[in-house]
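Visitor: Each chain is listed here by its residues.
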Amino acid sequence: AQSVTQLGSHVSVSEGALVLLRCNYSSSVPPYLFWYVQYPNQGLQLLLKYTTGATLVKGINGFEAEFKKSETSFHLTKPSAHMSDAAEYFCAVSPRDKIIFGKGTRLHILP
Amino acid sequence: SQTIHQWPATLVQPVGSPLSLECTVEGTSNPNLYWYRQAAGRGLQLLFYSVGIGQISSEVPQNLSASRPQDRQFILSSKKLLLSDSGFYLCAWSGVAAPGDTQYFGPGTRLTVL
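In order, the protein sequence lines correspond to chains A and B. When the letters of the first sequence are read in order and numbered with this note's numbering, they come out as residues 1 to 111. When the letters of the second sequence are read in order and numbered with this note's numbering, they come out as residues 1 to 114.
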């Protein structure tokens, strides 16, 4: 069965520090992988996605993620956190027939 | 480009009252459509999805129903709301215009049942 695990329901980083949000997946077929961001009382916005090809994927707002098949991971990073990055982040996997979302990680930015 | 609309944005309803939430997509044809619910601290729960007019699949048994009367219109309904129906309802679409199974989400409807 396919699944997504996001490590840490809450992550706090200082403004200007590295952001690292962890995501591990389980899939019986080569997956498509996604990161979405949700700001309060808004819908989910696609940050980036991996389908095929280059394993390092760059997204909007300076975020990137690397697909590591051997580790079944798709961690999200940003070199320098900004106050506007405070939001909830969802990792998701698509084994072709539907998207399965993780439970989300709320990112807090400390001044 | 494609756009997805949801209304109303917020709704406060008494227990036992009916519900109708609407979602429409512009700029694409024959999209796959989805209804999700977010309850506090519980992530995203897929409620219904549709691959075409009149074709609805339900993911979980519940007090809600969905209909797709037109290609780009998806409606979430209930005859009698329960307190547990409170939450943030999100509509999403995917399809040939969104390769890699990407889903694009609407702005959501905040439903409070009192």
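Mixed in with the good hints there might be a few duds.
[Said to hold, decoys possible] Taking lysine-lysine pairs in the DSS-like style, the calculated list, with each CA pair at most 30 Å apart, reads:
| no. | chain 1 | residue 1 | chain 2 | residue 2 |
| --- | --- | --- | --- | --- |
| 1 | A | K69 | B | K79 |
| 2 | A | K98 | A | K68 |
| 3 | A | K98 | A | K58 |
| 4 | A | K68 | A | K58 |
| 5 | A | K103 | A | K69 |
| 6 | A | K69 | B | K80 |
[Claimed, not checked] From the structure, some residues in chain B lie toward chain A, with a derived Cβ separation under 10 Å:
| no. | residue |
| --- | --- |
| 7 | I4 |
| 8 | Q6 |
| 9 | R42 |
| 10 | I56 |
Keep in mind the hints are simulated off the structure, nothing from the lab. Where is the CB? At the ideal position from N, CA and C, for every residue including glycine.
Visitor: Indicate, hint by hint, whether the structure satisfies it.
Guide: Verification of the hints:
1. A/K69 - B/K79: violated, 47 Å
2. A/K98 - A/K68: This hinted pair holds, its Cα atoms lying about 21 Å apart.
3. A/K98 - A/K58: Cα-Cα ~23 Å, so holds.
4. A/K68 - A/K58: This hinted pair holds, its Cα atoms lying about 15 Å apart.
5. A/K103 - A/K69: At roughly 21 Å apart (the allowed maximum being 30 Å), A/K69 and A/K103 satisfy the hint.
6. A/K69 - B/K80: violated, 47 Å
7. I4: At 8 Å from the nearest chain A Cβ, B/I4 passes the 10 Å test, so the hint holds.
8. Q6: OK, holds: B/Q6 within 10 Å of chain A, min 8 Å.
9. R42: It holds, given that the least Cβ distance between B/R42 and chain A is near 8 Å, below 10 Å.
10. I56: violated, 15 Å
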